[in-house]
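Protein chains: 2
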Amino acid sequence: MKKILFFLSLSLLMISCNEKQEKPIDDNQLTAEEKSDSTNIKTFFNTALTNGKSYEWLRDLTQNVGGRLSGSPEAQMAVEWGEKVMNEVGLDSIWLQPVMVPHWVRGEKEIATYTTNGVQKNVAICALGFSVATPNSGVLAEVIEVKSLEEAEALGDKMKDKIVFFNRPFDNTLIHTFKAYGGCVDQRVRGAAICGKFGAKGVIVRSMTNSIDDFPHTGTMSYGDLPAEQHIPAAAISSLAAENLSKDLISNPNLKFYFKQNCETLPDAPSFNVVGEIRGSETPENIFVVGGHLDSWDLGEGAHDDGTGVVQSLEVAYLFKKNNIKPKNTIRIVFFMNEENGTRGAKKYAELATLNKENHIGGLESDSGGHTPRGFSIDANSANTTLLQSWKKLLSPYGLHDIEKGGSGADISPLKDENVTLVGYRPDSQRYFDYHHTSRDTFDKVNKRELELGSASMASIVYLMDKYLYGDTPVKL
Amino acid sequence: MKKILFFLSLSLLMISCNEKQEKPIDDNQLTAEEKSDSTNIKTFFNTALTNGKSYEWLRDLTQNVGGRLSGSPEAQMAVEWGEKVMNEVGLDSIWLQPVMVPHWVRGEKEIATYTTNGVQKNVAICALGFSVATPNSGVLAEVIEVKSLEEAEALGDKMKDKIVFFNRPFDNTLIHTFKAYGGCVDQRVRGAAICGKFGAKGVIVRSMTNSIDDFPHTGTMSYGDLPAEQHIPAAAISSLAAENLSKDLISNPNLKFYFKQNCETLPDAPSFNVVGEIRGSETPENIFVVGGHLDSWDLGEGAHDDGTGVVQSLEVAYLFKKNNIKPKNTIRIVFFMNEENGTRGAKKYAELATLNKENHIGGLESDSGGHTPRGFSIDANSANTTLLQSWKKLLSPYGLHDIEKGGSGADISPLKDENVTLVGYRPDSQRYFDYHHTSRDTFDKVNKRELELGSASMASIVYLMDKYLYGDTPVKL
Chain A
1 MKKILFFLSL SLLMISCNEK QEKPIDDNQL TAEEKSDSTN IKTFFNTALT
51 NGKSYEWLRD LTQNVGGRLS GSPEAQMAVE WGEKVMNEVG LDSIWLQPVM
101 VPHWVRGEKE IATYTTNGVQ KNVAICALGF SVATPNSGVL AEVIEVKSLE
151 EAEALGDKMK DKIVFFNRPF DNTLIHTFKA YGGCVDQRVR GAAICGKFGA
201 KGVIVRSMTN SIDDFPHTGT MSYGDLPAEQ HIPAAAISSL AAENLSKDLI
251 SNPNLKFYFK QNCETLPDAP SFNVVGEIRG SETPENIFVV GGHLDSWDLG
301 EGAHDDGTGV VQSLEVAYLF KKNNIKPKNT IRIVFFMNEE NGTRGAKKYA
351 ELATLNKENH IGGLESDSGG HTPRGFSIDA NSANTTLLQS WKKLLSPYGL
401 HDIEKGGSGA DISPLKDENV TLVGYRPDSQ RYFDYHHTSR DTFDKVNKRE
451 LELGSASMAS IVYLMDKYLY GDTPVKL
Chain B
1 MKKILFFLSL SLLMISCNEK QEKPIDDNQL TAEEKSDSTN IKTFFNTALT
51 NGKSYEWLRD LTQNVGGRLS GSPEAQMAVE WGEKVMNEVG LDSIWLQPVM
101 VPHWVRGEKE IATYTTNGVQ KNVAICALGF SVATPNSGVL AEVIEVKSLE
151 EAEALGDKMK DKIVFFNRPF DNTLIHTFKA YGGCVDQRVR GAAICGKFGA
201 KGVIVRSMTN SIDDFPHTGT MSYGDLPAEQ HIPAAAISSL AAENLSKDLI
251 SNPNLKFYFK QNCETLPDAP SFNVVGEIRG SETPENIFVV GGHLDSWDLG
301 EGAHDDGTGV VQSLEVAYLF KKNNIKPKNT IRIVFFMNEE NGTRGAKKYA
351 ELATLNKENH IGGLESDSGG HTPRGFSIDA NSANTTLLQS WKKLLSPYGL
401 HDIEKGGSGA DISPLKDENV TLVGYRPDSQ RYFDYHHTSR DTFDKVNKRE
451 LELGSASMAS IVYLMDKYLY GDTPVKL
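Residue numbers (the UniProt record's numbering), protein chains in the order written: chain A, 1 to 477; chain B, 1 to 477.
Where hints are given, some of them may not hold.
Claimed, not checked - Think about it this way: if two alpha-carbon atoms lie no more than 25 Å apart in a straight line, the pair counts; the simulated DSS-like pairs of lysine-lysine are:
(1) A/Lys179 / B/Lys42
(2) A/Lys321 / A/Lys467
(3) A/Lys179 / B/Lys392
(4) B/Lys392 / A/Lys405
(5) B/Lys405 / A/Lys42
(6) B/Lys445 / A/Lys445
(7) B/Lys326 / B/Lys357
(8) B/Lys393 / A/Lys179
(9) A/Lys392 / B/Lys405
(10) B/Lys53 / A/Lys247
(11) B/Lys392 / A/Lys392
(12) B/Lys392 / A/Lys393
(13) A/Lys392 / B/Lys179
(14) A/Lys405 / B/Lys35
(15) A/Lys393 / B/Lys393
(16) A/Lys35 / B/Lys179
(17) A/Lys179 / B/Lys35
(18) A/Lys53 / B/Lys247
(19) A/Lys179 / B/Lys53
(20) A/Lys42 / B/Lys179
(21) A/Lys405 / B/Lys393
Hints are computed from structural coordinates only; laboratory data are not their basis.
Pulled out of the complex, with its shape left as it was, chain A reads as follows (with noise of 0.2 Å):
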C-alpha cells in the first residue's frame, strides 16, 4: 500500500512537473540562419541568467549612490559610477558629454493637515518637481475638488484664494498602466499653471498610481509660460489621503486644507551624460544606440526608475562582448541625465549627433521598469517595422510577444527620423505605478531573474537589428 502511494505521489508530482515543460523553439520551422540567431540569442539569455552582473551593479547605483535627482551631489556619484562600470565592462571608448541641468530641490520634508470633524488628519504630500515653496508659514485655504483642467478652467475666479484638488483617479481597466498615467498626468504637469492665473493659492494633485495607498508620487510640473508672480505651490498627495480627502469634503465642504513645502529652483548645474561604445567591426559609423537614464526622483531609490534601464543597457554590451558577439555596427551605451525633469541630457545626445554629423540606424530605450519581459514598442518606417514582427518566432520564447507599433523613449526619440528604427524595451507595467516616483522605488523591488532577462531581451534585439537592419542615410535632425 505505501509503495503504491509512493508510487501515486510521484507520478502526480511528474504530472504537476511534466505540464510546465519548457517549450522550445520547434528547429524545423526555422532556416539555417535562422538557427544561428535562436543560438545566439539563447547565450544571451544562458549568460544573463548565470553570469548576469546588471543585478549587483544595480544595487550599487541604488544602495550607495541612492536617489540622484539632476544638479544633486548624488547625480555626480552617478556620472562617476556609470564611469567606473562602463569601464569594468571594457567598452572600446567612454566619455562624458557636459549638459546643464535643471537644478530643483525638495528642501525639508513637506507637511499637510486638515482637521474634519473635530479630528486633525495628517496628510501625505510631496511637492512636485519645479514647484516653488509655500510661505513659510504655509498655505491655509479652504479647498475645490475637480476631476480635470477643464473644471479647474471653468471655476474661472471662483478659484482665488482656494487650494484647488486635482482628484482624477487612474482608469485601472486599461490593462497597461501607462495608458492610465497617460490619462491623468496632465493634471499633475498643467494643474497648477491653470490655476496659479486665476489667483488659487495652491495645487495638490491625487498621486500618479492604480493603487489605494499612503505614499505620495512626486513627478515633474511647469508653470508654463505664466508670470513668476503667478506661481503658486503644487503637491502631489497620496491616493488614500485623496480619497480620504474627497469624503471629508462632502460633508465638510468648508474644511481648510494646510500644506508647507520648502522647495527651490537653484540655477541650471552642469552634469553629464555618460557615454560609451563597442565599436562596429564592419561599419562603425552605423550606430545604435541603447540607453536609459541616470537620474532619478529624490525620493526613493530610482530603481524600477530608471536603475534597471541604466544596468540593461550596459549589460547589453556585456552579454556581447562575454559572449564574442562582435556587432558590424557600433553599439553605443548612453546613460542619460535629466529624464525626470526636463530631458536636457536627450537633447545634447541629439545635438551633438547632428553637430558631429553622426549616423544613427536606431535606438533602444528601457525606461518602463525592470519587471518580467512582455515585448517591445516599435516607432520606424513601416518596413522595418514588419521587419522586427518577422522575429516573433525568435524572441516569443523569452515572452516576448508585445512586438507593436508605438512610441520609443523620452531619451531617444528626438533622434526619430524616417530612417531610424527606435525602439523602446517594455517589460510588465501591473506593479510599476506602486513605486513610480516615490520612496518605495527601492531595489528590494527589482527581482535578479526578471531584470536578467530583460538585458538578455534587449541585447537579443539589438543583435538582430544590427544584423539585418540596414542604415544607409544619415539621421537628419
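Here the structure of chain A is known, so what remains is to put chain B in place on it, guided by the hints.
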C-alpha cells in the same frame, strides 16, 4: 522661451504616453459572435479590476487564518472561511466533502550547525513534510555531497552513518522556472528513501529555488516502501547555506554537521473539500470544475501557494454572478484540501464524481502563483486543444499568449479523460520560487492587479469553454 519649453516638455510627455497606448482588439477582425465574446471578456476584466473581491478575501485567509497544513486547526479554520466566502458570493449550493488527510506536524523550530576552521556556523534548515524527527539529541555526522539520486545510490554502503547532502541547483537558464523545479525536486522527494536503505543518518537537501538566499523551502517527501526502522530525518537547507557548506566541505571534508528536528506524523485527521456551484441554465448535469487548494505549508501564510488560486477560483463565480452571465453548464468551485502532502482531497473529489455518476466536461486549476497572467496549459484531446488555441485573439490583449498543450494541475488531473478538457492557469513564474514553501510566502508578495487580472483571465476561459465546448460523453474514471 519658457512657453517653448512648456510645450516642448508637454510634447515629450505626450510621446512618452502615446508610446504606451492600449491596443484594443481590432473589431473588424472579429465575427459578430466573437465581438459579443470580446465584450463579455472585457466585462470580466473591468469588474475584477474595479470591484474585485479576491484581494480582500486573500488578506483575510492569509492574515487571519495563516499557514494551514492539512490536519491543523488552521486548516479547519480555512474550511470554515471557505464556506463563509462562498456564501458571500451567493452560490446556488455549497457543501463540504469529508476526507481523511495526513496529519504531519513540524514541532519545535529546527536547528542546524557546523564548525569549520574554528568558526561555528548556524544553518537555516527546516524539516521536509513527512520526515521523521531526529533523536532528541539530534544527528551529528560527516557529510557526503552529491548532485543526484544516481550519485547517492552509487555510494552504497559508503554513506553509512553519514549525512547525505543533495546539492543539485536549479538550472537557471530554463526560462520557465517550473521546469527547473521539475529537474531538481526528485532530490527532495526520494533522497531519504534511497539513503535510508544504506544506513545514512540523515539527508539535507538544497532548497528548491532559483535564488541564492537564506530561506529554507519545505515540501513533501516520501520513504516509499522502506521499513520504518530505516526512515531517516530529511531537511531542506537554504540555497545560501548549501553554497557555503559545499565550499567548506572542500577545505574541510571531515567537518561534522549537526541538525535536530522534532516533527511527527500523527494519525490521519478528518477534513473537507469545500464545494459550491452555479447551476447551469441549460445543461446543469454537465460540470466544469474550477479550483485551487485550501491547504498550505505551515512556514508562511500560503499566499501564492495557493491562497491566490483559491480566491481567484471563487472570483470566477463572482464575475459571472455580478455581471448576470449565466453559464449553460454548471460551474463548480472547489477548494481542495491536502494538495501539498497527499492530494487526498483531489482523489476524494474524483472518487465521488464517479460514485455519483457526475458528468465532468472540463476543469481549470490555479496553482502556479498569483503573478501577472501569461496563459493557459491545456490537457485535452486534439480537437479541443485546437479550439482553445483559436481563442488567442480574444485573450492576447490581456497578456494571455502562452496557450499550449501541457498538464493542468494536481487537483483536477484525477479527472483526466479523453473527453474532459483540463486547463491549468499559467501566470508569470519568475518570482514564484523565491517564496514557494517558505516563510516568505505572505500576503504582501501578492499584487492586487496581478491577482485580479488572473481571476478575469480564468473567468474568460471558463466562459468560452462553457459556451463552445460540448460535453456529451460522461467522464470515465
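Notebook entry, point to check: Are B/Lys392 and A/Lys392 close enough, with their CA atoms no more than 25 Å apart?
Noted result: holds, 15 Å
Item checked: Pair hint A/Lys35 and B/Lys179, alpha-carbon separation not exceeding 25 Å -> Satisfied, since the Cα-Cα distance of roughly 23 Å is no more than 25 Å.
Note to self: Just to be careful, I want the Cα atoms of B/Lys445 and A/Lys445 compared with a cutoff of 25 Å; is the pair within it?
What the structure shows: holds, 10 Å
Item checked: Given pair status - B/Lys405, A/Lys392, alpha carbons within 25 Å -> The hint holds at about 20 Å.
Checklist line | Given pair status - A/Lys179, B/Lys393, alpha carbons within 25 Å | finding: The given pair, whose Cα atoms are some 21 Å apart, holds under the 25 Å limit.
Notebook entry, point to check: Holds or violated: are the alpha carbons of B/Lys392 and A/Lys393 at most 25 Å from each other?
Noted result: At roughly 16 Å apart (the allowed maximum being 25 Å), A/Lys393 and B/Lys392 satisfy the hint.
Item checked: Hint consistency between B/Lys326 and B/Lys357 [alpha-carbon to alpha-carbon, up to 25 Å] -> With a Cα-Cα distance of about 24 Å, the restraint between B/Lys326 and B/Lys357 holds, given a limit of 25 Å.
Note to self: Check whether the Cα positions of A/Lys179 and B/Lys392 lie no farther apart than 25 Å.
What the structure shows: holds, 23 Å
Note to self: Need the status of pair A/Lys393, B/Lys393: alpha-carbon distance at most 25 Å?
What the structure shows: holds, 17 Å
Notebook entry, point to check: Under the criterion that the straight-line Cα-Cα distance not exceed 25 Å, is the pair A/Lys405, B/Lys35 satisfied?
Noted result: The hint holds at about 24 Å.
Check: Given the hinted pair A/Lys53 and B/Lys247, is their alpha-carbon gap at most 25 Å?
Finding: holds, 22 Å
Item checked: Hinted pair A/Lys179 and B/Lys53, Cα distance within 25 Å -> Holds - the C-alpha atoms of B/Lys53 and A/Lys179 are around 24 Å apart, at most 25 Å.
Hint compliance for this structure: no hint is broken.
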